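Engineer: For the record, the sequence lines run as chains A and B. Here the first sequence stands for residues 1 to 213, numbered as in my numbering. Here the second sequence stands for residues 1 to 213, numbered as in my numbering.
None of these hints come from the bench; they were simulated from the model. Here the structure is a predicted model, which means the values were calculated and not measured. Among these hints, one or two may not hold up.
[Claimed, not checked] Quick partial rundown of chain B residues pointing at chain A, CB under 10 Å, derived from the structure:
{"#": "1", "residue": "D88"}
{"#": "2", "residue": "L92"}
{"#": "3", "residue": "Y116"}
{"#": "4", "residue": "E120"}
{"#": "5", "residue": "R136"}
{"#": "6", "residue": "D142"}
{"#": "7", "residue": "G145"}
{"#": "8", "residue": "I146"}
{"#": "9", "residue": "G187"}
{"#": "10", "residue": "L204"}
{"#": "11", "residue": "A207"}
{"#": "12", "residue": "H208"}
[As the list claims (entries may be wrong)] Calculated pairs, DSS-like style, for lysine-lysine (alpha carbon to alpha carbon, straight line, at most 25 Å):
{"#": "13", "chain 1": "B", "residue 1": "K138", "chain 2": "A", "residue 2": "K132"}
{"#": "14", "chain 1": "A", "residue 1": "K209", "chain 2": "B", "residue 2": "K138"}
{"#": "15", "chain 1": "A", "residue 1": "K96", "chain 2": "A", "residue 2": "K35"}
{"#": "16", "chain 1": "B", "residue 1": "K209", "chain 2": "A", "residue 2": "K22"}
{"#": "17", "chain 1": "B", "residue 1": "K99", "chain 2": "A", "residue 2": "K138"}
{"#": "18", "chain 1": "A", "residue 1": "K27", "chain 2": "B", "residue 2": "K203"}
{"#": "19", "chain 1": "A", "residue 1": "K27", "chain 2": "B", "residue 2": "K209"}
{"#": "20", "chain 1": "A", "residue 1": "K173", "chain 2": "B", "residue 2": "K99"}
[To be verified] Stretch-level coverage of chain B by chain A, calculated; a stretch enters the list once three of its residues show a Cβ under 8 Å from a Cβ in chain A:
{"#": "21", "region": "122 to 131"}
{"#": "22", "region": "175 to 185"}
{"#": "23", "region": "189 to 201"}
Cβ coordinates follow ideal geometry from the N, Cα and C atoms, glycine included.
Number of protein chains: 2
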Amino acid sequence: MSTETVFTIGRQFGSGGRKVGKTLAEKLGIPFYDKELIAISARDSGLSEELFANADEKATSSIFYSLVMGNYPMASGALGVTEMPLNDQLFLIQSKTIKRLASLGPCVIVGRCADYILREQENVTNIFIHAKLADRVKRAIDVYGIAAGKAEDVCLKTDKQRANFYNYYSDRKWGMCRTYDLSLDSGMLGIEGCADLIIHFDKLSTAHKGLPI
Amino acid sequence: MSTETVFTIGRQFGSGGRKVGKTLAEKLGIPFYDKELIAISARDSGLSEELFANADEKATSSIFYSLVMGNYPMASGALGVTEMPLNDQLFLIQSKTIKRLASLGPCVIVGRCADYILREQENVTNIFIHAKLADRVKRAIDVYGIAAGKAEDVCLKTDKQRANFYNYYSDRKWGMCRTYDLSLDSGMLGIEGCADLIIHFDKLSTAHKGLPI
């Protein structure tokens, strides 16, 4: 099975979306980028990995945060120069990295607004993986090793952060059907099943290309 | 290909969701209910089809509407009896019809909060069909015969009405990924492709039943 497609994967925390993406990439024999984007963006830009890791999927959240980070746009005397908040600068650098990687050929990219960043590229399929909260809490405990008393909170708070990041940097809404080409409840299919269904989607959409509904 | 599943289909106007459901039902050899629910609910209740047709997928929208319809809950003297708005009564009757039909075996039900109404039934798969606005406008003109100057407006207003109806009668959000098990952009796959993918989903989810993510 071969493909021409760049797959972007948004995901609820605990849904196994990352694992779905990895399995998909392995089945198709194409590169997979998740946390890998941090090291590559750092290499591309010459900035430290730590900077990218700290800003990873976080929106420029508040004036307080920016002040603490020392990057709140201040009036700069006669020049009137204002500096872009650090997270926004890192987002732009990472966007360039994502565009470069996607231009090299089919791959799987997890999170980081990749669907929005690649909105003008051909052959991109945007996927969202979600699951019922109970299933995600179970996975957070059993697979990620999060303490039982904290798992639900981590699921909800991480999703909130991801939604904030996505909605801040795009003009779309995280978690809405119309933002994606395909959304799946991973609790219904499991990791392998999700990857299998995405491959079937890819086959059908390739055959349908250029035709009306 | 046989199935044990009741499929509910939510859909954006112009996405061909109704046609996807009909094609799916034909491929699987199971009953299909869309507008058919109006006649069946009327027969079940002894009320007129016209009443159900007028209320079809409309929420009890405003005090003004209820006053016009003569069913705004008024204080009724010493008894203090208030009457439920007509649309709410019709919704309850139609809900009973939907539960009865779904209890008879696999079928496809379009719209009408069926996913929410059947939330306690086993073997229900909830699907949402959407598409890019340009694709839906094209279909509204070419297939439904809506005037070119009006098609976009009809798409947007009908979706607003469907969202209002759904969000009023359920505790879920219309058009959010997490409301459904599977959401699909019909512009990517076409009608046949969507039906084909849903059948593949059904096969995979039946095999995965009871397992964790």
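Engineer: Go through the numbered hints given earlier and state which of them the structure violates, listing their numbers in rising order.
Structural biologist: 1, 2, 3, 4, 7, 8, 13, 17, 20
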